[in-house]
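Q: In case you want the letters, here they are:
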Amino acid sequence: MIEKNSVGRIAFNIFNYGFMIALSIVCIIPIWHVLMASLSDPRALMNVSGILLKPIGEATLNGYRLVMKNSSIITGYINTIIYVGCAAVLGTLFTTLAGFVLSRKTKLQKAMTILVLFTMMFSGGLIPSFMVNLKLGIVNTRWAIIIPGMINAYYIIIMKSSFEQLPSSYEESAKLDGAGPLTIMVRILMPLVKATVAVVAMFTIVLQWNSWFPASIYLQKRRDLWPLQLFMREILVQNDTAQILSGTDTPNIDLTGNLVKYCVTIVGTLPILCIYPFVQKYFVKGVTLGGVKG
Amino acid sequence: MERIEKKETAVTAPKSNWKWDFRMNWSIYLLFVPILIYLIIFHYLPMFGIVMAFQDFNPVKGFFGSEFVGLKNFIDFFSNPSFLQILRNTLVISLMGIFLGMPASILLALLLNEIYLLKFKKVVQTISYMPYFVSTVVIAGLVIEFVSTNGVITNLLVSIFGIERQNLLTNAGYFWGINFFSDLWQGLGYGSIIYIAAISGVSQEQHEAAAIDGASRLKRVWHVTLPAIRPTIITMLVMRMGMVMTVGFDKILLLYNPSIYETADVVSTHVARMGLNRMQYSYSAAAGLFNSVIGTTLLIASNMLSRKLADTSIY
Numbered sequence: 001m002i003e004k005n006s007v008g009r010i011a012f013n014i015f016n017y018g019f020m021i022a023l024s025i026v027c028i029i030p031i032w033h034v035l036m037a038s039l040s041d042p043r044a045l046m047n048v049s050g051i052l053l054k055p056i057g058e059a060t061l062n063g064y065r066l067v068m069k070n071s072s073i074i075t076g077y078i079n080t081i082i083y084v085g086c087a088a089v090l091g092t093l094f095t096t097l098a099g100f101v102l103s104r105k106t107k108l109q110k111a112m113t114i115l116v117l118f119t120m121m122f123s124g125g126l127i128p129s130f131m132v133n134l135k136l137g138i139v140n141t142r143w144a145i146i147i148p149g150m151i152n153a154y155y156i157i158i159m160k161s162s163f164e165q166l167p168s169s170y171e172e173s174a175k176l177d178g179a180g181p182l183t184i185m186v187r188i189l190m191p192l193v194k195a196t197v198a199v200v201a202m203f204t205i206v207l208q209w210n211s212w213f214p215a216s217i218y219l220q221k222r223r224d225l226w227p228l229q230l231f232m233r234e235i236l237v238q239n240d241t242a243q244i245l246s247g248t249d250t251p252n253i254d255l256t257g258n259l260v261k262y263c264v265t266i267v268g269t270l271p272i273l274c275i276y277p278f279v280q281k282y283f284v285k286g287v288t289l290g291g292v293k294g
Numbered sequence: 001m002e003r004i005e006k007k008e009t010a011v012t013a014p015k016s017n018w019k020w021d022f023r024m025n026w027s028i029y030l031l032f033v034p035i036l037i038y039l040i041i042f043h044y045l046p047m048f049g050i051v052m053a054f055q056d057f058n059p060v061k062g063f064f065g066s067e068f069v070g071l072k073n074f075i076d077f078f079s080n081p082s083f084l085q086i087l088r089n090t091l092v093i094s095l096m097g098i099f100l101g102m103p104a105s106i107l108l109a110l111l112l113n114e115i116y117l118l119k120f121k122k123v124v125q126t127i128s129y130m131p132y133f134v135s136t137v138v139i140a141g142l143v144i145e146f147v148s149t150n151g152v153i154t155n156l157l158v159s160i161f162g163i164e165r166q167n168l169l170t171n172a173g174y175f176w177g178i179n180f181f182s183d184l185w186q187g188l189g190y191g192s193i194i195y196i197a198a199i200s201g202v203s204q205e206q207h208e209a210a211a212i213d214g215a216s217r218l219k220r221v222w223h224v225t226l227p228a229i230r231p232t233i234i235t236m237l238v239m240r241m242g243m244v245m246t247v248g249f250d251k252i253l254l255l256y257n258p259s260i261y262e263t264a265d266v267v268s269t270h271v272a273r274m275g276l277n278r279m280q281y282s283y284s285a286a287a288g289l290f291n292s293v294i295g296t297t298l299l300i301a302s303n304m305l306s307r308k309l310a311d312t313s314i315y
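In the order they appear, the protein sequences are chains A and B.
If you read the first sequence in the numbering used here, its first letter stands for residue 1, the second for the next number, and so on.
If you read the second sequence in the numbering used here, its first letter stands for residue 1, the second for the next number, and so on.
The set of hints was computed from the structure by calculation and includes no laboratory data.
Bear in mind the structure is a predicted one, so any value in this text is a computation, not a measurement.
Careful: at least some of the hints might be erroneous.
[What the hints assert, rightly or not] To be clear about the criterion: a stretch of chain B counts as covered by chain A if any three or more of its residues have a C-beta under 8 Å from a C-beta of chain A, and this derived list gives those stretches:
1. 35–47
2. 167–174
[As the list claims (entries may be wrong)] Derived pair list, reagent style SDA-like, types lysine to any residue, alpha-carbon separation capped at 20 Å:
3. B:121 x A:276
4. A:105 x B:23
5. A:135 x B:40
6. A:221 x A:136
7. A:135 x B:38
8. A:110 x B:22
9. A:105 x A:171
10. B:121 x A:21
11. B:19 x A:266
12. A:107 x A:161
13. B:122 x A:180
14. B:122 x A:217
15. A:107 x B:17
16. A:110 x B:122
17. A:105 x A:17
18. A:194 x A:275
19. B:251 x A:266
20. A:110 x B:30
21. A:221 x A:139
[To be verified] Computed Cβ-Cβ distance ranges for the label pairs, DEER-style:
22. A:222 x B:121: 44 to 52 Å
23. B:160 x A:191: 54 to 62 Å
24. A:81 x B:69: 42 to 50 Å
25. B:40 x A:81: 24 to 32 Å
26. A:178 x B:59: 36 to 44 Å
27. A:180 x B:59: 44 to 52 Å
28. A:54 x B:60: 56 to 64 Å
29. A:175 x B:103: 22 to 30 Å
30. A:10 x B:243: 37 to 45 Å
31. A:180 x B:305: 43 to 51 Å
32. B:34 x A:177: 23 to 31 Å
33. B:113 x A:25: 16 to 24 Å
34. A:82 x B:40: 24 to 32 Å
Where a beta carbon is used, it is the ideal one built from N, C-alpha and C, also for glycine.
Turn these sequences into a full structure, and let the hints guide you.
A: Following this line, the structure appears as structure tokens:
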């Protein structure tokens, strides 16, 4: 690459690398602050006013002990895992199936695609959807979370594109060998789109792990079915640590409540952040599947 | 032998004959049935529920028993004294995200492209994507704490700009900024991914040709890189225009409170509050329908515009 090493260029480089470092720091700091706070002494925590670079006061795991033993948190975790598991398995299954169906050149292909695409463009709205779910009797049950979350039209389109990009030679030689569409899909095409399926599954998992709103409207009467994020909302946003701390014999409810907030944050975000580095390269691919042309 | 179709058929389609098609593809159509049922129940049926917007809906009487009131609910919504405010908030918040957020991501992608230490670049990218995976609840929690009366951000603003010390989430003037910057923190890195991919696809030959012609690095960015990623930029723009009316809803719901409704209430939060908390179902359905219609119109309009101006479109 032709390059001119002028003063301007060097100055720019210094700025650029500096900017990138600053950006990285800004991205990490809030989480780091929370992590440090979660390990800090509750009393010292009340007086702190800056960003914590290391735990203040005496480092302690007490907050975590409280959180891990707490029944709401455990319930939340179990529920979230159930919802995420269902979405990952059922959702990915149906999405891939739909993508496959839409990629086949049948006479109804265009009609089916429009049917799916239209749901991305227009929706009945929150209240009508709520009413439908109400009439179906799934409000205040797990199904209200599992079923609507299963199929995402956008991912169906991604799977469709993925199938369509496969060279038709695979399909043709299979047809010559007498394979029906189903066989073609399962034994030949599926293994080829494994990467895309993994991406869709991953996005679904993250989306479902972080989801709180559907639960907040459909599970209002069933705390025992709440996902973790909803308990976290109660603690972090509504500032209501009473539920979580009730029944424990902590010496100072206010102080501990504050500490617990930080611990809960880490506990609720850690799984995603841990998986994140490993799947990072996959989702980069996934994002580009949707939009880059040519 | 089947009669040959009179109509022109596409080059790749087989004999386009219904009987033949069903015989060949029945298993595919069968596979589609559960999906069709799902779409009908959870997406198309609610669309029929839109009729609620034209009724004085009563949950007991249901869709068929409730009284028809024509456009009354819409009139109620439009004549709500806060209507213009709500609309303004929706547009401001969304357009800030699009016209400030998108260029920021593009800029980041362009700057990253100028980093030649590959390891460094990879690490920065990985770190910058991370905030996207933090849940909205956690982000709301972080924001609430950092802008509280003694929070980190509040302290910063007091010491640098000398603003009055307060809980920034009780002051309507700060909301747009708070919302935008938390969106930026979360989405800047992730949003740049697609532009990075597009930039890496720009042909080297074009760059070298321009360089030989004496174009500086900056000129090359403007004349080679940007035009090359224009289709990507426009595609993203179209997609985001379609989401103008609905985006950001759940974070706003977590961050807002009655004292800042004047800048924080958007159409979708208004719909949620009126419908679910205050149980004004019909009013809420009408407002929601308004939202959906505007959103769809924007999507179609920007899609048509992009097709005219840039030769690329989604549909």
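Q: Against each hint, give a clear statement of whether it holds in the structure.
A: Cross-check of the supplied hints:
Coverage of the segment 35–47 of chain B by chain A holds [criterion: at least 3 residues with CB-CB distance below 8 Å; count 11]. Counting residues of the segment 167–174 of chain B whose beta carbon lies closer than 8 Å to any beta carbon of chain A gives 0, which falls short of the minimum of three for the stated coverage. A threshold of 20 Å between alpha carbons decides the hint, and for residue 121 of chain B with residue 276 of chain A the separation of about 17 Å falls inside it, so the pair holds. Of the supplied pair hints, the one linking residue 105 of chain A and residue 23 of chain B holds, its CA atoms being roughly 14 Å apart against a limit of 20 Å.
Of the pairs offered as hints, the one joining residue 135 of chain A and residue 40 of chain B holds, with about 15 Å between alpha carbons and a cut-off of 20 Å not exceeded. In summary, the hint linking residue 221 of chain A to residue 136 of chain A is supported, as the alpha carbons are separated by about 17 Å, within the 20 Å threshold. Annotation: proposed proximity of residue 135 of chain A to residue 38 of chain B holds, straight-line Cα distance about 15 Å (limit 20 Å). Distance hint between residue 110 of chain A and residue 22 of chain B is fulfilled; the C-alpha atoms sit about 15 Å from each other, no more than 20 Å.
About 12 Å separates the Cα atoms of residue 105 of chain A and residue 171 of chain A, which keeps this hinted pair within 20 Å; it holds. Of the supplied pair hints, the one linking residue 121 of chain B and residue 21 of chain A holds, its CA atoms being roughly 10 Å apart against a limit of 20 Å. Of the pairs offered as hints, the one joining residue 19 of chain B and residue 266 of chain A is violated, with about 59 Å between alpha carbons and a cut-off of 20 Å exceeded. A C-alpha spacing of about 18 Å is found between residue 107 of chain A and residue 161 of chain A, which places the hinted pair at or below 20 Å, so the restraint holds.
Taking the CA atoms of residue 122 of chain B and residue 180 of chain A, the gap is near 44 Å; set against the 20 Å cutoff, the hint is violated. Proposed proximity of residue 122 of chain B and residue 217 of chain A is contradicted: the alpha carbons are some 40 Å apart, above 20 Å. Taking the CA atoms of residue 107 of chain A and residue 17 of chain B, the gap is about 8 Å. The hint holds against a cut of 20 Å. Pair hint residue 110 of chain A plus residue 122 of chain B does not hold up; C-alpha atoms about 41 Å apart against a cutoff of 20 Å.
This hinted pair does not check out: residue 105 of chain A and residue 17 of chain A have alpha carbons roughly 50 Å apart, beyond 20 Å. As the CA atoms of residue 194 of chain A and residue 275 of chain A are separated by approximately 19 Å, the hinted pair is consistent with the 20 Å bound. A threshold of 20 Å between alpha carbons decides the hint, and for residue 251 of chain B with residue 266 of chain A the separation of about 19 Å falls inside it, so the pair holds. Between the alpha carbons of residue 110 of chain A and residue 30 of chain B the distance comes to roughly 16 Å, so the proposed pair stays at or under 20 Å and holds.
This hinted pair checks out: residue 221 of chain A and residue 139 of chain A have alpha carbons roughly 9 Å apart, not beyond 20 Å. In this structure the hint that residue 222 of chain A and residue 121 of chain B lie 44 to 52 Å apart at CB holds, the actual value being about 47 Å. Between residue 160 of chain B and residue 191 of chain A the beta carbon distance is about 57 Å. The supplied range of 54 to 62 Å therefore holds. Between residue 81 of chain A and residue 69 of chain B the C-beta distance comes to about 46 Å, which sits within the given range of 42 to 50 Å.
Distance hint for residue 40 of chain B and residue 81 of chain A: a CB-CB separation of about 30 Å, consistent with the stated range 24 to 32 Å. Between residue 178 of chain A and residue 59 of chain B the Cβ separation comes to about 56 Å, which falls outside the hinted range of 36 to 44 Å. About 48 Å separates the C-beta atoms of residue 180 of chain A and residue 59 of chain B, a value consistent with the hinted range of 44 to 52 Å. Take residue 54 of chain A and residue 60 of chain B: their Cβ atoms lie about 60 Å apart, and the range 56 to 64 Å holds.
The given range of 22 to 30 Å is broken by residue 175 of chain A and residue 103 of chain B, whose C-beta atoms sit roughly 49 Å from each other. At about 42 Å, the CB distance of residue 10 of chain A to residue 243 of chain B agrees with the hint of 37 to 45 Å. For residue 180 of chain A paired with residue 305 of chain B, a C-beta distance near 44 Å keeps the hint of 43 to 51 Å intact. The given range of 23 to 31 Å is respected by residue 34 of chain B and residue 177 of chain A, whose C-beta atoms sit roughly 28 Å from each other.
At roughly 21 Å, the beta-carbon separation of residue 113 of chain B and residue 25 of chain A lies within the given 16 to 24 Å, and the hint holds. In this structure the hint that residue 82 of chain A and residue 40 of chain B lie 24 to 32 Å apart at CB holds, the actual value being about 26 Å.
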